[in-house]
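K.L.:
As a plain string of letters, each chain reads:
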Amino acid sequence: MSVKKKFKGLSDKAVGWLFIGPTVLLLLAINIYPLVYAIKMSFTNFYANKIGREPQFVGLKNYIKVLNKEAIWEKMQVTASFMFWTLLLQAIIGLGLALLLNRKFKGNELLTTLIVLPMMLSPAVVGVFWTYLYNPQVGLFNYVVNFFYDLGSFDMIGSSTLAPWAIVIVDTWMWTPFTMLICLAGLRSVPNYLYEAAEVDRASKWQQFIYITLPSVLPFLLLALLFRGIENFKMFDMVVELTSGGPGSATELASINLKREAFEKWKTGYSSAFAVILFVTIFGFGNVYVKVMNKIKER
Amino acid sequence: MILLFVSLFSFSVNSNAKSITLGWAAWDPANALQELTKEFTSETGIEVNFEFVPWPNFADRMLNELNNKGKTFDLLIGDSQWIGAGAVYGHYVKLNDFFDKEGISMSDFSPATVYAYSTWPKGSKNYYALPAMGDALAWAYRKDWFDRPELKSEFKKKHGYDLGVPANWNQLHDMCKFFQGREIDGQKRYGAAINTERGSEGITMGVTAAMYAWGMEYENPNKPYDMEGYFNSPQAVEAVEFYRKLYEDCAPPGHSDAYMVANLDAYKSGQVAFQMNWYAFWPGVSKEDSDGRVSGFFANPKQNVAAATLGGQGISVVKYSDKQDLALEYIKWFARPDVQQKWWDLGGYSCHNDVLNSPSFPTSTVYAQGFLDSMGIVKDFWQEPTFVELMLPMQEAIHDYVVNGKGTAKGALDKIIEEWVEVFEADGKL
Numbered sequence: 003m004s005v006k007k008k009f010k011g012l013s014d015k016a017v018g019w020l021f022i023g024p025t026v027l028l029l030l031a032i033n034i035y036p037l038v039y040a041i042k043m044s045f046t047n048f049y050a051n052k053i054g055r056e057p058q059f060v061g062l063k064n065y066i067k068v069l070n071k072e073a074i075w076e077k078m079q080v081t082a083s084f085m086f087w088t089l090l091l092q093a094i095i096g097l098g099l100a101l102l103l104n105r106k107f108k109g110n111e112l113l114t115t116l117i118v119l120p121m122m123l124s125p126a127v128v129g130v131f132w133t134y135l136y137n138p139q140v141g142l143f144n145y146v147v148n149f150f151y152d153l154g155s156f157d158m159i160g161s162s163t164l165a166p167w168a169i170v171i172v173d174t175w176m177w178t179p180f181t182m183l184i185c186l187a188g189l190r191s192v193p194n195y196l197y198e199a200a201e202v203d204r205a206s207k208w209q210q211f212i213y214i215t216l217p218s219v220l221p222f223l224l225l226a227l228l229f230r231g232i233e234n235f236k237m238f239d240m241v242v243e244l245t246s247g248g249p250g251s252a253t254e255l256a257s258i259n260l261k262r263e264a265f266e267k268w269k270t271g272y273s274s275a276f277a278v279i280l281f282v283t284i285f286g287f288g289n290v291y292v293k294v295m296n297k298i299k300e301r
Numbered sequence: 026m027i028l029l030f031v032s033l034f035s036f037s038v039n040s041n042a043k044s045i046t047l048g049w050a051a052w053d054p055a056n057a058l059q060e061l062t063k064e065f066t067s068e069t070g071i072e073v074n075f076e077f078v079p080w081p082n083f084a085d086r087m088l089n090e091l092n093n094k095g096k097t098f099d100l101l102i103g104d105s106q107w108i109g110a111g112a113v114y115g116h117y118v119k120l121n122d123f124f125d126k127e128g129i130s131m132s133d134f135s136p137a138t139v140y141a142y143s144t145w146p147k148g149s150k151n152y153y154a155l156p157a158m159g160d161a162l163a164w165a166y167r168k169d170w171f172d173r174p175e176l177k178s179e180f181k182k183k184h185g186y187d188l189g190v191p192a193n194w195n196q197l198h199d200m201c202k203f204f205q206g207r208e209i210d211g212q213k214r215y216g217a218a219i220n221t222e223r224g225s226e227g228i229t230m231g232v233t234a235a236m237y238a239w240g241m242e243y244e245n246p247n248k249p250y251d252m253e254g255y256f257n258s259p260q261a262v263e264a265v266e267f268y269r270k271l272y273e274d275c276a277p278p279g280h281s282d283a284y285m286v287a288n289l290d291a292y293k294s295g296q297v298a299f300q301m302n303w304y305a306f307w308p309g310v311s312k313e314d315s316d317g318r319v320s321g322f323f324a325n326p327k328q329n330v331a332a333a334t335l336g337g338q339g340i341s342v343v344k345y346s347d348k349q350d351l352a353l354e355y356i357k358w359f360a361r362p363d364v365q366q367k368w369w370d371l372g373g374y375s376c377h378n379d380v381l382n383s384p385s386f387p388t389s390t391v392y393a394q395g396f397l398d399s400m401g402i403v404k405d406f407w408q409e410p411t412f413v414e415l416m417l418p419m420q421e422a423i424h425d426y427v428v429n430g431k432g433t434a435k436g437a438l439d440k441i442i443e444e445w446v447e448v449f450e451a452d453g454k455l
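Heads up: the sequence lines are chains F and Z, in that order.
Heads up: the first sequence begins at 3 in my numbering, then just goes up one per residue.
Heads up: the second sequence begins at 26 in my numbering, then just goes up one per residue.
One thing to keep in mind: the hints can contain errors.
[Said to hold, decoys possible] Here are the computed lysine to any residue pairs in the SDA-like style, where the Cα-Cα straight-line distance is at most 20 Å:
1) Z:Lys94 <-> F:Trp268
2) Z:Lys344 <-> Z:Asn93
3) F:Lys261 <-> Z:Asn92
[Stated by the list, open to error] With the C-beta cut set under 10 Å, the calculated list includes, among others, these residues of chain F facing chain Z:
4) Ala50
5) Asn51
6) Ile53
7) Thr133
8) Asn144
9) Ser155
10) Phe156
11) Ser162
12) Thr245
13) Gly247
14) Glu254
15) Lys267
16) Trp268
[Claimed, not checked] If the Cβ cut is set under 8 Å, some of the chain F residues that face chain Z in the computed set are:
17) Gly248
18) Gly250
19) Ala252
20) Arg262
21) Glu266
Don't read these hints as lab results, they were simulated from the structure.
Computed from a prediction, not measured in an experiment: that's the story for all the values here.
No residue lacks a Cβ here, since even glycine has one placed at the ideal position from N, Cα and C.
With these hints in hand, go ahead and build the complete structure from the sequences.
P.N.:
Written out as structure tokens, the structure is:
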């Protein structure tokens with residue numbers, strides 16, 4: 003029975019709306035309405051925990067306050083550094099692993115399964131167990147490092163120099179498999195005849211990689227980095243469990259600070275402005291990135 | 026069969042109708058309370074369900090519940106600092122009429138605990154909680170190590186006074202440093218497990234133990250909320266610097282985000298000679314002494330003045346509860362002197378004068394005298410409705426200075442004042 007017959011009397015357009023209606027409503031309720039509400043709140047001095055106190059319109063005061071606060075820029079810097087290093091490492095290691103696993107060898111499937119295991123774990127759980135791995139007295143990480151280089155006792159999450167690297171290492175350990183899988187999909191979509199033609203033309207392995215493999219896999223890699231970039235911009239749970247944003251504020255990412263302002267200090271108006279600024283930032287970067295990615299694809 | 030089903034069903038309906046839920050933190054005293062409450066249930070037929078939340082999430086979970094006017098809890102044993110918010114935002118039931126009706130007198134409880142756990146505004150006669158669990162920050166130490174003749178003589182030779190309960194923070198530092206990196210029974214030991222936790226309140230509770238002992242005041246006693254020159258006084262600055270020195274010289278490796286449980290673990294595993302912690306944990310520590318470990322306990326050492334960081338909680342009835350009458354019945358029962366005595370016997374810290382003033386109390390446990398001493402000198406963090414907003418900047422700035430080694434102590438305290446002024450201004454206090 004066709005759709006038209008089932009919904010007799012309804013136009014195609016109406017049937018279409020009937021199908022997408024619930025989704026649109028859901029999106030409006032859980033995405034658009036909170037966004038509009040947050041934008042509205044960002045122009046007020048609203049405190050969600052101060053019951054009975056009417057919010058007052060304060061214009062752009064919250065935005066000016068956020069943008070002029072030195073601590074916010076420190077958090078943004080921490081976030082930017084975290085994103086830069088995690089994305090760079092995940093791109094290099096992920097692509098390397100994908101190239102390795104794209105070859106046929108015994109135990110390939112088992113190795114792939116083992117490599118992707120970390121990304122199947124909960125970030126909070128990962129954060130907790132890495133605190134044990136990083137323990138300067140009994141941690142496996144410190145033991146392994148000391149096995150190769152005798153650094154003595156060092157505290158990865160208690161040192162302001164090492165803590166930012168501690169979160170980069172954990173995120174890279176956890177999410178490199180994701181980049182690897184996407185790159186692997188890209189590698190497997192490269193037609194074999196390209197390599198055969200290159201061999202006929204006596205292209206070296208390096209030339210094959212630069213002129214065939216890399217251009218073919220680049221859109222996939224960029225897509226993986228887009229996903230990881232968005233995720234890491236809002237990274238929260240793993241870092242909270244691992245360092246609580248410390249020592250001091252050495253690993254306090256923008257999202258952690260936002261949560262503290264919004265749900266611990268209850269500065270709803272101020273934190274809404276901060277959230278809007280973060281949203282615009284990631285939305286803007288995302289759009290530019292997608293445009294660049296599309297241009298690369300078209301080439 | 027049908028009769029059996031009907032009777033079972035009716036029992037279940039009845040038991041649900043006569044049940045209340047009590048929320049508290051997940052720790053040793055909560056288990057003792059659960060045990061004690063069995064008597065309440067057998068006396069009244071009212072079932073008490075417990076929801077114990079781990080400390081790191083305790084404030085978040087409970088305050089969100091209250092802010093959302095949740096009905097999950099009928100009774101809440103909330104931190105002392107919450108009393109302002111509980112009263113001002115109407116989360117807690119005011120108990121004055123109930124106390125008058127039932128003949129419960131606040132003069133039957135230790136004045137320091139009534140002031141800290143029950144009243145808002147502070148020191149007024151408005152009661153929003155019954156003092157439930159007295160507590161203060163104190164110290165436990167490895168008495169068995171301290172009693173070793175070779176260590177005693179080595180310490181005396183080095184410092185010129187006896188290894189024992191430290192008389193002040195300087196001595197505490199000497200002793201902690203004495204044990205730092207020392208090999209005892211073939212194991213490397215460290216000085217002290219102190220509070221350094223960043224996420225909730227840990228490092229603030231730890232550093233204020235030093236700041237109070239140095240004589241820090243939060244504000245000008247004659248001009249409320251005037252903090253300049255008080256909270257960042259030279260004494261306060263010195264105390265914060267000292268706390269950093271204690272952390273750098275005496276904490277075990279990796280003790281950079283530690284609070285109650287981490288301090289207990291470091292002590293129980295034999296890593297440290299001292300641990301800073303709440304009295305609430307001493308029954309457990311004392312009970313678990315084994316393999317030659319003998320624990321001693323002492324109140325927070327004085328420096329310029331005798332003072333200790335207040336812990337502990339009062340029990341309040343949640344305004345949004347549909348079972349306030351049953352909850353009040355629990356409070357009436359809990360306030361009874363005989364129940365308070367059992368509470369102490371089970372490992373809870375009663376605040377009732379009949380228990381505390383009993384001649385046998387100081388010798389009833391090895392930490393009882395210290396508890397009595399501490400409760401006479403306690404000082405608390407701000408109990409303002411905005412205490413969370415006040416706590417967070419202090420956590421961050423102090424952690425940044427003590428653990429991260431960033432900036433100066435004066436700079437950290439100035440930064441905290443700056444944030445606090447903003448909070449008080451937003452709250453209309455300044």
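K.L.:
Against this structure, judge whether each hint is valid.
P.N.:
Verification of the hints:
The suggested pairing of Lys94 (chain Z) with Trp268 (chain F) holds, with an alpha-carbon distance near 16 Å, which does not exceed 20 Å. About 12 Å separates the Cα atoms of Lys344 (chain Z) and Asn93 (chain Z), which keeps this hinted pair within 20 Å; it holds. Simply put, Lys261 (chain F) and Asn92 (chain Z) have alpha-carbon atoms about 16 Å apart, close enough for the 20 Å limit, and the pair holds. At its closest, the beta carbon of Ala50 (chain F) sits 7 Å from a beta carbon of chain Z; the interface hint therefore holds under the 10 Å criterion.
Nearest Cβ of chain Z to the Cβ of Asn51 (chain F): about 5 Å, under the 10 Å cut. The hint holds. For Ile53 (chain F), the shortest C-beta to C-beta distance to chain Z is roughly 5 Å, which falls under 10 Å, so the interface hint holds. Interface restraint check for Thr133 (chain F): the shortest CB-CB distance to chain Z comes to about 8 Å, inside 10 Å, so the restraint holds. The criterion of a C-beta within 10 Å of any C-beta in chain Z is met by Asn144 (chain F), whose closest approach is roughly 9 Å, and the hint holds.
The interface hint given for Ser155 (chain F) is met, as the beta carbon of that residue sits about 5 Å from the closest beta carbon of chain Z, less than 10 Å. Because the beta carbon of Phe156 (chain F) sits about 8 Å from the nearest beta carbon in chain Z, less than 10 Å, this interface hint is met. Interface restraint check for Ser162 (chain F): the shortest CB-CB distance to chain Z comes to about 4 Å, inside 10 Å, so the restraint holds. With 10 Å as the threshold, the beta carbon of Thr245 (chain F) comes within range of chain Z, its nearest partner Cβ sitting at about 7 Å, so the hint holds.
For Gly247 (chain F), the interface hint holds, since its Cβ comes within 10 Å of a Cβ in chain Z; the closest pair sits about 7 Å apart. The beta carbon of Glu254 (chain F) comes within 8 Å of a beta carbon in chain Z, closer than 10 Å, and the hint placing it at the interface holds. Look at Lys267 (chain F): its Cβ gets to within about 4 Å of chain Z, closer than 10 Å, so that hint holds up. At its closest, the beta carbon of Trp268 (chain F) sits 7 Å from a beta carbon of chain Z; the interface hint therefore holds under the 10 Å criterion.
For Gly248 (chain F), the suggested interface contact is upheld, since its CB lies about 4 Å from the closest CB of chain Z, less than 8 Å. Interface hint at Gly250 (chain F): satisfied, since its Cβ lies 3 Å from the closest Cβ of chain Z, which is below the 8 Å cut-off. The interface hint given for Ala252 (chain F) holds, since its Cβ lies 6 Å from the closest Cβ of chain Z, which is under the 8 Å cut-off. Proximity of Arg262 (chain F) to chain Z holds as hinted, the smallest CB-CB distance being about 6 Å (cut-off 8 Å).
Here the hint on Glu266 (chain F) is kept, as its CB sits about 6 Å from the closest CB of chain Z, short of 8 Å.
Of the hints listed earlier, there is not a single one the structure fails to meet.
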